[in-house]
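Novice: Let the sequences and hints guide you as you build the complete structure.
Chains as they are written, first to last, in numbering that gives the first Met the number 0: chain G, 0 to 356; chain R, 0 to 166; chain L, 0 to 110.
Think of the hints as simulated: they come from the structure by calculation, not from any bench. No false leads were slipped in.
Stretch by stretch, here's where chain R covers chain L in the computed footprint (C-beta under 8 Å, at least three residues):
| hint | stretch |
| --- | --- |
| 1 | 14 to 26 |
| 2 | 44 to 54 |
| 3 | 72 to 80 |
| 4 | 83 to 95 |
To give an idea of the interface, some chain R residues facing chain L are shown, with a C-beta separation under 8 Å as derived from the structure:
| hint | residue |
| --- | --- |
| 5 | Ala17 |
| 6 | Lys93 |
| 7 | Ala155 |
So these bits of chain R aren't anywhere near chain G, every CB distance computed over 10 Å:
| hint | residue |
| --- | --- |
| 8 | Leu19 |
| 9 | Gly97 |
| 10 | Ala103 |
| 11 | Phe105 |
| 12 | Leu143 |
| 13 | Ile157 |
| 14 | Glu166 |
Ideal Cβ positions, reconstructed from N, Cα and C, are used throughout, including at glycine.
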Amino acid sequence: MTGLGCPADLPICNPFQYLHQLVAAILGAILPEPILTILVTALSIGMVTTLVAIIVMSQVWAERRVVGFMQGRLGPNRVGPAGLLQSVADAVKLLAKEIIIPYQADRGPFLLAPLLVLVPSLIVWSVIPWGPGLSVTDLNVGVLFVLAMGAFPTIGILTAGWSSGNKYAVLGGMRAAAQLISYEIPMVLIVMVPVIIAGSMSLGGIVQAQSVAWFVFFLPVGPIALLLFLIAGIAEVNRSPFDLPEAESEIVAGFHTEYSGMAFALFFLAEYANTFAVSAMATVLFFGGWTGPVLPPFLWFFIKAYVVFLALVWVRATLPRMRYDQLMRVAWKVALPVALLTVGATAAEVSLRAMAA
Amino acid sequence: MPTELLVAGGFYTFAVLAILGSIALILSRVIFRSALSLTLVLASVAGAYVVLGADFLAVVQILVYVGAIMVLIIFGIMLTPQQVVLETARDPGKAVAGVAVAAAVFVVTTGVLLGSTWPRSNPTPVDMPTTAILGEGLLTTFGLPFELASILLLLAMIGAIVIAREE
Amino acid sequence: MPTALPPLYPITLQHGLVLGAALFSLGMIGALTKRNAIEILMSIEVMLNGVMVTFISFARHAQGPALGGQIFAIFIMTVAAAEAAVGLAIVIAVYRLRRSVAVDTVNSLQG
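Specialist: Encoded structure:
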């Protein structure tokens, strides 16, 4: 079901699905069964990872341009037409720099930490549906899987802070970890709101359940849940206005102070991939995923996710950074009670609607 | 046939990783590396749960054990800085006795487990998703332990805050 | 004692039980021989994970009512979380008093 309009079997409407079937048909003639499945899955993983990498490069450019325009100045506009090759320039610069390992640092964990932060951020992309039936796999506990992979980088951040052998890094790491675990609880609770309304934890199932009406219009809990999800999501990816742990003017860059070159590039990549993952989850859970009238489904998904991302960039350009105790107070005294009440109200409303129907 | 092979391959991979992680935990002299080895053990055990048909529990294992309990342990390590390399000022006799006791427990346990017949063992797979079955069980058959567990968690939270608070 | 080693595949009940016993014994080595209290806590977590593997392989291969093995594993996880929290609080309180978390230094009630 693709919403109204573009039927799913037309190749132009669903090019990735078409490509997938074409490759599977060609290879299926040559290879035996288990190798075929493994190879096709590996190809789809490669495709999704490449797509995420391209999206991250566009995000870097888009964020700097949009923040620049909102601050009354042009963003990067030197490298390439309208500054579009800026991300390429950044990537080349970071690749060419030396990875300096400080003398005090514990070498093994120091080099492991960026991987512990990056790998879960990329694994999340294997369950997010880009179109009908178009995800690398559709786990039946998909929502919980995304939450678990969002909880994993906390260990990486603590490892990065501790193994740098630098007091600012340790402090930054502990503050970042405390912020992440505090905002995990309202996040898990709020994510249960679309799960209760849809009756399924698989992301494909939640999108299918929104083919009639998007969950953000499920009054009165929909908008509250969306707002809380975005707040908790911004705090989970350490993004402004919740980015005190990596604030440049306060604590020298926090837990990734001692990282340079490719290792820093991995943290950078992980943060942008995580931000887009939060936007993508917001569209899947609240804005109907890939459903939409005329355009092909994957284009709808991409447009909606990018609009949410631009809203997050707008928030970054507008609001000042929150102080650490204000941040923690919002998590425990505001977000958690509101999340609990919202989940209770959702459950009551769903059962009332079921009884009235 | 290939499914069985894939399942067995997955199980052995995660089992070997878990055992290597626990050996690294015992042998490491830097406590932070022991913490990272424990993370490896917990993550591999989560993978083993997927192979054993517990999908919900695997994801909850990562969310709770790796995402919360490991963070708690690492905070504890950071707040109690010792000399980073623990001095080996203990008698080696104690270490040998400990290993001997654990080895004896392992040998006796595996002997009993492999030697007895399990009458109700059947290889039909668990029907996934297990979430609905677990939810029903927790609220109907196992309702009293569920409520007691929530009281226990409340007590643990209050107790931990009271004990660790600075006066 | 008569031990019948199971075949390498398919994975049967015995495979999961041996993994659980191995994790339990390795955790026991750590719990018996370590000096640092936090390392002992970590070894106890390994032991608890071994027990959870045992329960889950029972739930898979010898199915009881309502997947009781998995539900029991949930309860073990809950108790482990509570125990880790309280244990670490005690360790931090002891460290504040004595500047050390080696378990053989906390013996002022002895003898």
